[in-house]
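Asks: Dock chain B against chain A, hints included.
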Amino acid sequence: GQQVMQIPQYQHVQEGEDFTTYCNSSTTLSNIQWYKQRPGGHPVFLIQLVKSGEVKKQKRLTFQFGEAKKNSSLHITATQTTDVGTYFCAGPPDGNQFYFGTGTSLTVIP
Amino acid sequence: DGGITQSPKYLFRKEGQNVTLSCEQNLNHDAMYWYRQDPGQGLRLIYYSQIVNDFQKGDIAEGYSVSREKKESFPLTVTSAQKNPTAFYLCASSIGLGPDHEQFFGPGTRLTVL
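Chains A and B, in that order, are what the protein sequence lines are.
For what it's worth, our numbering labels the leading residue of the first sequence as 1, then goes sequentially.
For what it's worth, our numbering labels the leading residue of the second sequence as 111, then goes sequentially.
These are computed hints drawn from the structure, not numbers from a lab.
There could be a bad hint or two in this list.
As the list claims (entries may be wrong) - Derived pair list, reagent style DSS-like, types lysine-lysine, alpha-carbon separation capped at 27 Å:
1. A/K56 to A/K36
2. A/K36 to B/K167
3. A/K36 to B/K124
4. A/K70 to A/K51
5. A/K70 to B/K167
Chain A on its own, in the form it takes in the complex (with noise of 0.2 Å):
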């Protein structure tokens, strides 16, 4: 099946620290998704992507869709204790079925 892949897989960062997570598909993505799970808990909807080369802020947050649609950047700006957890890119690459990307997992260290 598809791919959707993500990089880093592991990030450690000083607090205050900048993070980016990119996420690549092998086909073009109609849209994106990103998710952002906290230690022992459950998935979270953070944002949706549509168009090509989209940009969206959620304050600290930078999320951008590739012009090709074919991949996905997540950007944190000063990260804070808050923003630890595992953050998710999902696509649907072939038609109404998901695939969630391998994950980043975010420490942040105080």
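Replies: Quick look at chain B alone, frame taken from chain A:
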């Protein structure tokens, strides 16, 4: 409060036993999903359902079965045919099946097969 409930939170079973995981939603969503999550891995789709009495296999359906007799409920049975059933199971729902819809997740059930 509207949402998705899964029970139990932790479940232990002996090898060779079938076990059914509960998933209930009161969001009036048509679509429901079951995912499996293993440590260090993403979510893998087991089954999904667009409407009552209809469901489709995901990528890893072997060893699992589901039913959708009511809109609110989508139970997952982990059968003895599933070779490695120990995992974290997440149920989700969305308004519709299309890729435009946000998925709402339940708290999950952590299954351990001894």
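Asks: So, for every hint listed, does it hold in this structure?
Replies: Comparing the hints with the structure gives:
1. A/K56 to A/K36: holds, 16 Å
2. A/K36 to B/K167: holds, 25 Å
3. A/K36 to B/K124: Roughly 33 Å between the alpha carbons, so the hint for A/K36 and B/K124 is violated.
4. A/K70 to A/K51: holds, 11 Å
5. A/K70 to B/K167: Measuring from Cα to Cα gives roughly 25 Å; hence the hint holds.
Consistency note: the structure conflicts with earlier hint 3 alone.
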